[in-house]
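Participant: Listed below are the residues making up each chain.
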Amino acid sequence: MTSSEAGRFDAIVIGGGHNGLACAAALGRTGRKVLVLEAADRLGGAAGTHEFAPGFRVSSLAHILNRLHPEMVAGLDLRKHGLALSAGAIPSVALSSAGDPLVLDGAYGERLDGTIDAADRSGWSELRSLLFRQAGILKPFLSRRPPDLGAMSLGQASLLGSAALSLRRLGKEEMREFLRMVLMNVADVLDEHVGDDRLKGLVAFDATLGAHLGPRSPTSLLGLYYRLAGEVAGVTGAQALPKGGMGAVAAALARAAEAAGCKLRPSAVVGRIMVEKGRACGVTLDDGEEIRARTVVSAINPVTTFLDLVGPRHVDTGFVRRLGHIRMKGDAAKLHLALDAPPRFAGLAEEAHRGRLVIAPSVDHVEKAFNPAKYGAYSPEPVMEITLPSLGDPSLAPAGACVLSAVVQFAPYALKQGWEAGKPKFLAAIMAVLECHAPGIGRSVQHAELLTPADIEARFRMPGGHWHHGEMQVDQMLMNRPVHGADGYDTPLDGLFLAGAGSHPGGGISGAPGWNAAKRVVEVRG
Amino acid sequence: MIASVPGRELNPRLALQDHWRAMRRETPFHSRLAALDFRNDWYSWAGCKAPLSLWDEELEYFAIRSQAALIDISPMVKYRIEGPDAETYCERVFVRNVAKLRPGRVHYTAWCDDEGHVLDDGTLFRLAETRFRLCCQERHLPWLLDSAIGFDVTVADETEAVAGLALQGPTSCALLKDAGFAGIERLKPFDLAFFPHEGGTVTISRTGFTGDLGYELFVEAADALSLWDRLWEAGQLRGIRAIGYTALNRARIEAGFIVANADFVTAEHAIRADRVRMPDEIGLGWLVDPGKPHFNGRRAILEARRRRSLGHVLVGLEIEGNVPAEHALVYHAKKKEVGLVSAAIWSPMAKRNIAIASLQRPYGDTRKDDLWVEIYALREGQYMKLMKRATVVPRPFVKLDRRTATPPADA
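These protein sequence lines map, in sequence, to chains X and L.
Just so it is clear: in the first sequence, position 335 is 335 by this note's numbering, and no numbers are missing.
Just so it is clear: in the second sequence, position 147 is 1147 by this note's numbering, and no numbers are missing.
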């Protein structure tokens, strides 16, 4: 069956998640006729908002913005298309079961509110500015297309040159310090500068969030650099909640795409990418409909793209081998609670409840939470980051009620006992931790929804339930993301490009992979 | 046998390919070879004990060219490729068009890694619509299994399970007829057919590594000795002789055939980055079919052709004089080093001094003039250093009408 749409499109974007939409919108603005195909019945993918209990809506997976690509926000006029953030940056709060919480105000702890000794205050201030300077070196690499090792263009060479220059500008001492630290683990770095367990626990949590790493695993500091290379509204290291949940970001992107002339088709499941003589030439939908286009962009998982949609017969054996080696097993779960009333966390001022609340009392605590994950068991005392989005955005919950959204670690995808058996037990472990910090919270739960990596895999079509579509570790970054041969948004097939979080720079609600992929398509006249 | 270490399970993939457990394995024909052996001149062929020569290198060579030479080819690595996707699988692995290979036919082929570098060459037997046998020099099971991801196909190493014999020479067809393989004379070059033997089956193909009239026979290892005896008995008046590799090697050089890891380095064996070769660099460019469905290395090969970045060329050389130029350096204008001879003999059939050499392009490709080889001939404690003119000539060096005549003449 050939669709009436045959010949009408220059480019097809597979996957209507935020990266797919960003890519489509950017391509649409170049005058290309673009069709976005989304398998789910609505757009947004993991950047969605859904109702999980009557009257209760929540960000489906990602719930905090900290790295939305500024070039894309401006380039697509996202504010004009309805993107609205919580007023000002929200603080991070290191909760403590024993004593007072510590509030990191401003952009990633510009100010510390709470009792903390003077030495740690100045130690943190030094460490924070050091980390910001170093993340700044990596920032250009984490926003643009990674360099080609084979044939480097002038632009890429000048990018590398400018990075070298910024290293030089740091001075000899700082350059040496950066090269010493860049592959260190976050725990050792923290030990060098601060002593406060709450502060160290929070930073250790942030560095390992979404990764199969403990704070003492080598290279765990990289995750923190990645976090601090992001910015919100021009403020590096800041974070914000989108009004209306993460779905509002996807909606703004969708409006930008439509304004650019893109056609958006939800409930369209791509079954195959059609290949003729080494060139992608369109897609076949599950129902047999064929849609042809000169360019196909896949903003879904890279392994799914090549093994399921393209098929191994169109790519080389070594490439298939490399795809099989991508480490892509999620360790994070998502918890949604529908609460009768806003919870009260012990010792926390009312206003601070609107921040990002982190339960990671110490580095040891995070490390111990990670340990069982190595052997296929969940953390008996999980660590988590919590938001109460309905406090700032009452549209998300019925009057007087409250939504709790939490990212919880560690919940290994390949749980030995299986998630069917493990899920209720893991939920109980999470609730026990929450009860300890917010006594009485258990009694006010009307409904709880826990998404394990197995659920995330099924609901969002993310193999391994990994929401970055591949571990964000040093061996899977830059020109090794997702693998050699499909790096820099190109693929072994002419006319086929990648644009998802599986590509550089990676996961998080940034839109950078999609935005950069569109630039690449334009660059090679795809 | 090397015992596995107690308490340590062998990687299941290694267990699928456990030839390394036995050192110098004896082939199913070993007792017959040993009974005929006067030289005790064994070497290791793919881990098996195989003869370089059994009685006389010169006469063994002439058995190929004027009688019927029997060669134990059991050490050759063999894979069974079977399943509904066997053809599409083979298309993806091999550079040559497999759809054109009909059941009952054999073709010579090669396969490459992603970078287009040759992993090996070999013969692909299409035993049935969905069943193939691959014969080659090196082991490739991990590569072949990884290539099977996404295909409904099974790939298994059958090197030890299947015994092989090559029967080569002008009397080979008559001998097989005498041995009761009725209809063997109807096989054209690269045909194969099945014949009953001892309640089982022997697969006979009109193939070989000599450039002569000849056949290759494959049976289950259990039927190996009875097949040998059947040929040996029928061959008494046809001049059957068992021979070793040295004689075979001469015949193959005359036929212009190349040997993996002798005339070129296979991609998985190369340690130095510049030693790998694309098909076009070892004379196998003609196998590559850019119009067929995708195959490993296609992109890289076509890109290299487009960019003219192919660095080497494999050529046949005729060298003045009669001293074999084995491993001699090749020069342009007697000065500039441009390559190396990988195999060379004085050809008894062609009565020419012949060689196979790898040269750096453009030499041997667009510049074929003024080529020289420097031969060091060790003569009683002294090197005779010879600078001899070399001319690029087509392969094969020896072309025999009887190789292709069907039916073959009764000799």
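These aren't lab readings, by the way, just hints derived from the structure by calculation.
You may find that some hints are simply not true.
[To be verified] The calculated lysine-lysine pairs, modelled on DSS-like cross-linking and capped at a C-alpha distance of 25 Å, are:
id : chain 1 : residue 1 : chain 2 : residue 2
1  : X       : 277       : L       : 1100
2  : L       : 1292      : X       : 277
3  : L       : 1385      : L       : 1368
Participant: Now look at each hint and say whether the structure bears it out.
Facilitator: Status of each hint after checking the structure:
For a cut-off of 25 Å, the pair hint linking residue 277 of chain X to residue 1100 of chain L stands: about 18 Å separates their Cα positions. Distance hint between residue 1292 of chain L and residue 277 of chain X is fulfilled; the C-alpha atoms sit about 8 Å from each other, no more than 25 Å. Taking the CA atoms of residue 1385 of chain L and residue 1368 of chain L, the gap is about 23 Å. The hint holds against a cut of 25 Å.
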